[in-house]
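Take a look at the letters that make up each chain.
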Amino acid sequence: MSEMIIQTEDLSKKYKGRYAVDHLNLEIAKGDIYGFLGPNGAGKTTTIRMLLGLIQPSEGSIRIFGRDLRKEKLEILRRIGSLVEYPSYYGHLNAIDNLEAIRRILGTPKSRIDEVLEIVSLSGEARRPVKGYSLGMKQRLGIAASLLGSPDLLILDEPTNGLDPAGIHEIRELIKSMPSQYGITVLVSSHLLGEVEQMANRVGIIREGRMVFQDTIHNLKLQASHDMELVVSEPDSALWLARDMGASGTLKEGTLVFPGMKDPQVALLVKRLVENGHDIYRVEQNKKSLEDIFMQVIGEGSRP
Amino acid sequence: MMLRSLSSDFLKIRRKGIWFLIFLAPIGLVAMQALNFGLRLDYLKGQYAGHLWEGLIDNVADFVPIALYLGVTLVSSLVANVEHQTSSWKQLLALPISRTAVFSAKFTLCFLLLTVSCLLLPIGTALLGLALGFGTDIPVETLVKVGFLPFLGALPLLALQLWLSLTFRNQSLPVSLGVALALISPFASQLSEFFPLNWPRFSYEGPHAEWFIGAGVVTGFLIMFMGLMHFNRKDVD
Chain A
1 MSEMIIQTED LSKKYKGRYA VDHLNLEIAK GDIYGFLGPN GAGKTTTIRM LLGLIQPSEG
61 SIRIFGRDLR KEKLEILRRI GSLVEYPSYY GHLNAIDNLE AIRRILGTPK SRIDEVLEIV
121 SLSGEARRPV KGYSLGMKQR LGIAASLLGS PDLLILDEPT NGLDPAGIHE IRELIKSMPS
181 QYGITVLVSS HLLGEVEQMA NRVGIIREGR MVFQDTIHNL KLQASHDMEL VVSEPDSALW
241 LARDMGASGT LKEGTLVFPG MKDPQVALLV KRLVENGHDI YRVEQNKKSL EDIFMQVIGE
301 GSRP
Chain B
1 MMLRSLSSDF LKIRRKGIWF LIFLAPIGLV AMQALNFGLR LDYLKGQYAG HLWEGLIDNV
61 ADFVPIALYL GVTLVSSLVA NVEHQTSSWK QLLALPISRT AVFSAKFTLC FLLLTVSCLL
121 LPIGTALLGL ALGFGTDIPV ETLVKVGFLP FLGALPLLAL QLWLSLTFRN QSLPVSLGVA
181 LALISPFASQ LSEFFPLNWP RFSYEGPHAE WFIGAGVVTG FLIMFMGLMH FNRKDVD
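The listed protein sequences correspond, in order, to chains A and B. For the first sequence, position 84 (counting from the first letter as 1) is numbered 84 according to the working numbering, and the numbering increases by one without interruption. For the second sequence, position 198 (counting from the first letter as 1) is numbered 198 according to the working numbering, and the numbering increases by one without interruption.
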């Protein structure tokens, strides 16, 4: 397994006796674009605030770059760029002064400001006060700020929240370029799987503070159960035949539906149907959309 | 690290009206006395015959504590609000800088800003005295004392106000408290001189000013330390 950038062990945060984050084990490897998914209020932002040392975990530990966050916080933070929820900015200052205020703390060379403005294509607007910016521009300024310290890890919380489609596209392309162009590992949170799917290679899905799925996008798609649908000449007796061989299906408007049926079982069923004189008109797989998979995974997590 | 944060803070308070306030306060106090002496110069010259400068400085000194209380309250709130306004705390504190450095930088910023006011007051008073024709025998030591000693006595309130302003996102509580304290401070002189609201006044006048200066500095640092401890531990939303 490749080098772990973020590793949490039983990370938990309790608010008034209730777990907002419940024994979470995050694993993010070097070069990943890790999509951190979950419905609103699932604990994504709380987790991210803990990763950045903004709030104290109630239990568990966080290791980033192989070091303990509690003991070496500043050394770790020096290598992280972050954008937490809606952008932070000093509205009365222009983009350059906003970045300068951060640069003075980081101590990076002044030339870095022009570089990051170039990366997020804000160079042309850099001298206007930021309060006049559109939300998309403010968000890009936030990303520029997070890149200022030339980080190895970028933590972005809902970076496309509230943006229009063009803005979302722009931010997505920007994020996608990070590992390849700058060697930056990215953790990006979102409540939309469709959005993360287009940039992430690995996802972690949380619900009510608990991790319900953590693997590659590819495996997420495989894990989803697909329904097999058959249309035959005599559906009623075909259904009995299927039940005889142990396949539980339902009859929906003349179509036989078998949830999560595996390939050998499909082959066997078709063979038996033919042997028994059924005419088979259609055998098709009902592919689930990613959003369905997402809902399925989240739904499973809710069971006690 | 604290200096880096401080230099960043000086950049952030640009065009926020803080500098305006810093200049307004001492100039306002001097302008009040310009009016006072301008309207009844002959009468007051008779009153303070032989110690004209001291008379002027005493008149200024009467208003220094209340001005300090208001100044401390507003400067703390404005400095804290720069970060509250667009919730920049999460961005600032996720940077590789200790919270101690951030907090001490804010305190130092407020202290330096108020020091500028305290420096302008004696200068303005001296200019007024010269303009009124009180002669060139300027009592520099007394002037410097009226500028700075009450400030030392007001340090506990600065520490308290900054702590409250940094803690509460809604500034109405700290500002109301500070303004209320400023308004009742003139009446506090009825009470014992050891009552904290009297410390700024008695750091300048009275037989044992050094007691109150010491109490102000020590208590100020104690409260600042408590604020720092709290700031270091609190969760940032």
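Derived by calculation from the structure, the hints in this document are not laboratory data. Quantities reported herein were computed from a predicted structural model and do not represent experimental measurements. Heads up, a few of these hints could be off.
[Unchecked claim] Straight-line C-alpha distance at most 30 Å; calculated DSSO-like pairs for lysine-lysine:
#1 K45(B) / K110(A)
#2 K73(A) / K16(A)
#3 K145(B) / K45(B)
#4 K262(A) / K288(A)
#5 K45(B) / K16(A)
#6 K45(B) / K131(A)
#7 K145(B) / K131(A)
#8 K71(A) / K16(B)
#9 K145(B) / K73(A)
#10 K16(A) / K176(A)
[Stated by the list, open to error] FRET-style restraints, in silico, Cβ to Cβ:
#11 P129(A) / A180(B): 30 to 36 Å
#12 N286(A) / D235(B): 54 to 60 Å
#13 S121(A) / D62(B): 55 to 61 Å
#14 R67(A) / L127(B): 57 to 63 Å
#15 D235(B) / E3(A): 26 to 32 Å
#16 S121(A) / M229(B): 42 to 48 Å
#17 L173(B) / Q296(A): 58 to 64 Å
#18 L191(B) / S111(A): 36 to 42 Å
No residue lacks a Cβ here, since even glycine has one placed at the ideal position from N, Cα and C.
Each hint, compared with the structure:
Distance restraint check for K45(B) and K110(A): the Cα-Cα separation of roughly 59 Å exceeds the 30 Å cut-off, and the hinted pair is therefore not satisfied. The suggested pairing of K73(A) with K16(A) holds, with an alpha-carbon distance near 26 Å, which does not exceed 30 Å. Between K145(B) and K45(B), the direct Cα distance comes to roughly 23 Å. Compliance with the 30 Å bound is thereby established for this hinted pair. A C-alpha spacing of about 15 Å is found between K262(A) and K288(A), which places the hinted pair at or below 30 Å, so the restraint holds.
Taken as a hint, the K45(B) and K16(A) pair is broken in the structure, with Cα atoms around 68 Å apart against an allowance of 30 Å. Using a Cα cut-off of 30 Å, the hinted pair K45(B) and K131(A) is violated, with the two alpha carbons roughly 54 Å apart. For the hint pairing K145(B) with K131(A), the CA-to-CA distance comes to about 43 Å; that exceeds 30 Å, so the pair is violated. A threshold of 30 Å between alpha carbons decides the hint, and for K71(A) with K16(B) the separation of about 37 Å lies outside it, so the pair is violated.
With a C-alpha separation of about 44 Å, the suggested pair K145(B) and K73(A) falls outside the 30 Å cut-off, and the hint is violated. The suggested pairing of K16(A) with K176(A) is violated, with an alpha-carbon distance near 39 Å, which exceeds 30 Å. In this structure the hint that P129(A) and A180(B) lie 30 to 36 Å apart at CB holds, the actual value being about 35 Å. Here the CB-CB span from N286(A) to D235(B) is close to 46 Å, at odds with the stated 54 to 60 Å.
For S121(A) and D62(B), the hinted distance range of 55 to 61 Å is satisfied, since their beta carbons lie about 59 Å from each other. In this structure, R67(A) and L127(B) meet the distance hint of 57 to 63 Å, their C-beta atoms being roughly 59 Å apart. In this structure the hint that D235(B) and E3(A) lie 26 to 32 Å apart at CB holds, the actual value being about 30 Å. As the Cβ distance of S121(A) to M229(B) is approximately 44 Å, the hint placing it in 42 to 48 Å holds.
In this structure the supplied range 58 to 64 Å is violated for L173(B) paired with Q296(A), their Cβ-Cβ distance being about 48 Å. Taking 36 to 42 Å as the suggested C-beta distance range, the pair L191(B) and S111(A) does not conform, at roughly 60 Å.
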